[in-house]
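**Q** Start from the sequences and build out the full structure, keeping to the hints where you can.
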Amino acid sequence: MDKKIFIEPLFRNNPITVLVLGVCSALAVTVKLEPAIVMALSVTIVTGFSSFIVSLIRNTIPNRIRIIVQLVVVAMLVILVDQILKAFAYDVSKQLSVFVGLIITNCIIMGRIEAFALGNKPIPSLIDGLANGLGYGIILIAIAFIRELFGSGTIYGIPVIPAEWYIKNGGFYENNGLFILPPMALIITGIIIWIQRSYTKELIEK
Amino acid sequence: MDTNKNSYTVIYATVLVVLVAVVLALASYLLKDRQQRNVEIETKQMILKSVKLGLDANTVPDKASYIEEQYAKYITDSTIATEAGEHKLFVCKLDSGERLYIVPVHGTGLWGPIWGYVALKGDFNTIYGTTYDHKSETPGLGAEINTVEFSKQFEGKQIFKDGQFVSIVVVKGGANPESTNEVDAISGGTITSKALEAMLQSSINEYLAFFKAKLEEVSQQAAQAPSDSTISATADSTASAVQTKIN
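So the sequences go chain by chain: S and Z.
FYI, the numbering for the first sequence is 1 to 206, going by my numbering.
FYI, the numbering for the second sequence is 207 to 453, going by my numbering.
I should point out that these hints are in silico values taken from the structure, not numbers from a laboratory.
Among these hints, one or two may not hold up.
[Claimed, not checked] Below, a list of computed lysine-lysine pairs in the BS3-like style, where the Cα atoms sit at most 25 Å apart: (1) Lys94/S / Lys358/Z; (2) Lys358/Z / Lys258/Z; (3) Lys400/Z / Lys341/Z; (4) Lys299/Z / Lys358/Z; (5) Lys94/S / Lys250/Z; (6) Lys363/Z / Lys418/Z; (7) Lys299/Z / Lys279/Z; (8) Lys94/S / Lys418/Z; (9) Lys3/S / Lys121/S; (10) Lys168/S / Lys378/Z; (11) Lys363/Z / Lys400/Z; (12) Lys250/Z / Lys299/Z; (13) Lys294/Z / Lys279/Z; (14) Lys201/S / Lys3/S; (15) Lys250/Z / Lys341/Z; (16) Lys294/Z / Lys327/Z; (17) Lys94/S / Lys400/Z; (18) Lys378/Z / Lys294/Z; (19) Lys418/Z / Lys299/Z; (20) Lys94/S / Lys258/Z; (21) Lys94/S / Lys238/Z; (22) Lys367/Z / Lys400/Z; (23) Lys358/Z / Lys400/Z; (24) Lys363/Z / Lys168/S; (25) Lys294/Z / Lys341/Z; (26) Lys258/Z / Lys279/Z; (27) Lys327/Z / Lys168/S; (28) Lys378/Z / Lys367/Z; (29) Lys299/Z / Lys258/Z; (30) Lys94/S / Lys269/Z; (31) Lys294/Z / Lys250/Z; (32) Lys363/Z / Lys378/Z; (33) Lys168/S / Lys400/Z.
**A** The following block contains the structure:
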């Protein structure tokens, strides 16, 4: 049971490609691999622990203000993570601080709390949250890899296209500026969804 | 218990918010000192970077004390008074004896503040080095202003042309390599690049009167100098004059 909770969101029930949650941030932070990885990690931590905490208090939450209660829990976690990073891993926090707002508004967190944590025990909720964060992260990293490679000619900041290939150095190659711009993220996401659906036929709506 | 009662809802919300506030306040209180020190070290590292010192800071085990030590060795903080009020100016004395003047620059980027340090040579014209940073520019686009590749372009550029202050122009689509005051903008980060240009223009502008006064002082002293042999001595006394005035 627990294993299924963990595996499903990684592929068959991927939050981005199947549930289409968290697409906004997938478009925004995938220009380079490094911020994409930092974002993937922080979202995984926050989805995991917010699902866990909400699941712990799920029977006490007044139904009419449950969304507000969830938001308070998520916001608290994000601020805590940010504060701790600022104190102990300042360089990482500089990468992350841009995304704090984006993490709070990430639909995956609220989506998983509403859909899973409110009706399940804390441990399965924690696993579900972490797995959804990872499923989100895999897609993010895949998109960022393609965009950084073709858009900037680097992988994780390391140049991979030989310098003499570039037109400005007398070669034949030039980085594709379209990959840096947001529309290309949407197109790549679409292509990933296409590939996934052609492999997993039952995802295709009749 | 009926969790749908009004009184329960109100009490629940109150208790939750107070609890969260206590947790966050406590975290902020406990971590504040460490965070402030990190910010301070970072500022010092940026200033050192603009004069190409402390570049290996990330390879030493104790980064913080290494930066502190380098900073104390090379950089002097000072404040200069101009018509527009007081401004900070950092003076760096290199091992070669050359003095560099580091001007802090501040501006507004696309999403939040951007800032940096511009190190000028003794002629108050040629740029020795620069560093820039930002609060929340778009990663991969405007945020690229803090990369070495971007700031390297400024080295050797001149902020004056034919005696006029022209600052540095950030050109979209390729700067003329022959130009003394043009650098390339960042692809996809045009708004941040333009904001950086405006920041340089306005921030350096506030120091112009000081530069002019300083240069006049130097040329007067050079004119008084009787022979070539005393030039180096003059340069030194100018430097110390600058120092006293600045302090």
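**Q** None of the hints should be skipped; say for each whether it holds.
**A** Hints, one by one, checked against the model:
A hinted pair counts as satisfied when its Cα atoms are at most 25 Å apart, and Lys94/S with Lys358/Z qualifies at roughly 22 Å. Taken as a hint, the Lys358/Z and Lys258/Z pair is honoured in the structure, with Cα atoms around 10 Å apart against an allowance of 25 Å. Our distance criterion of 25 Å between C-alpha atoms is met by Lys400/Z and Lys341/Z, whose separation comes to about 16 Å. A C-alpha spacing of about 21 Å is found between Lys299/Z and Lys358/Z, which places the hinted pair at or below 25 Å, so the restraint holds.
The hinted pair formed by Lys94/S and Lys250/Z meets the criterion: a straight-line CA distance of about 16 Å does not exceed 25 Å. For the hint pairing Lys363/Z with Lys418/Z, the CA-to-CA distance comes to about 19 Å; that is within 25 Å, so the pair holds. The straight-line distance between the Cα atoms of Lys299/Z and Lys279/Z is roughly 9 Å, inside the 25 Å bound, and the hint therefore holds. Distance restraint check for Lys94/S and Lys418/Z: the Cα-Cα separation of roughly 38 Å exceeds the 25 Å cut-off, and the hinted pair is therefore not satisfied.
For the hint pairing Lys3/S with Lys121/S, the CA-to-CA distance comes to about 15 Å; that is within 25 Å, so the pair holds. Taking the CA atoms of Lys168/S and Lys378/Z, the gap is about 16 Å. The hint holds against a cut of 25 Å. Of the supplied pair hints, the one linking Lys363/Z and Lys400/Z holds, its CA atoms being roughly 17 Å apart against a limit of 25 Å. Distance hint between Lys250/Z and Lys299/Z is fulfilled; the C-alpha atoms sit about 15 Å from each other, no more than 25 Å.
The hinted pair formed by Lys294/Z and Lys279/Z meets the criterion: a straight-line CA distance of about 19 Å does not exceed 25 Å. Between Lys201/S and Lys3/S, the direct Cα distance comes to roughly 23 Å. Compliance with the 25 Å bound is thereby established for this hinted pair. Among the hinted pairs, Lys250/Z with Lys341/Z is consistent with the structure: their alpha-carbon atoms are about 17 Å apart, no more than 25 Å. Taking the CA atoms of Lys294/Z and Lys327/Z, the gap is about 17 Å. The hint holds against a cut of 25 Å.
For the proposed pair Lys94/S and Lys400/Z, the alpha carbon gap of about 23 Å is at most 25 Å, so the pair holds. Distance restraint check for Lys378/Z and Lys294/Z: the Cα-Cα separation of roughly 31 Å exceeds the 25 Å cut-off, and the hinted pair is therefore not satisfied. Straight-line distance between C-alpha atoms of Lys418/Z and Lys299/Z comes to about 21 Å, which keeps the hinted pair within the 25 Å bound. For the hint pairing Lys94/S with Lys258/Z, the CA-to-CA distance comes to about 22 Å; that is within 25 Å, so the pair holds.
Our distance criterion of 25 Å between C-alpha atoms is met by Lys94/S and Lys238/Z, whose separation comes to about 16 Å. For the proposed pair Lys367/Z and Lys400/Z, the alpha carbon gap of about 20 Å is at most 25 Å, so the pair holds. For the hint linking Lys358/Z to Lys400/Z, the alpha-carbon distance of about 17 Å falls within 25 Å, and the restraint holds. Restraint check: the Cα-Cα separation between Lys363/Z and Lys168/S comes to about 21 Å, which is no more than 25 Å; the hinted pair holds.
Restraint check for Lys294/Z and Lys341/Z: satisfied, since their Cα atoms lie roughly 21 Å apart, inside the 25 Å limit. Only pairs whose Cα atoms come within 25 Å are accepted, and Lys258/Z paired with Lys279/Z is accepted, the gap being roughly 14 Å. Proposed proximity of Lys327/Z and Lys168/S is contradicted: the alpha carbons are some 31 Å apart, above 25 Å. Proximity of Lys378/Z to Lys367/Z is assessed by CA-CA distance (about 21 Å); at most 25 Å being required, the pair is judged to hold.
Using a Cα cut-off of 25 Å, the hinted pair Lys299/Z and Lys258/Z holds, with the two alpha carbons roughly 12 Å apart. For the hint linking Lys94/S to Lys269/Z, the alpha-carbon distance of about 17 Å falls within 25 Å, and the restraint holds. Straight-line distance between C-alpha atoms of Lys294/Z and Lys250/Z comes to about 14 Å, which keeps the hinted pair within the 25 Å bound. Between Lys363/Z and Lys378/Z, the direct Cα distance comes to roughly 17 Å. Compliance with the 25 Å bound is thereby established for this hinted pair.
At most 25 Å may separate the alpha-carbon atoms for a hinted pair to count; Lys168/S and Lys400/Z meet this at roughly 24 Å.
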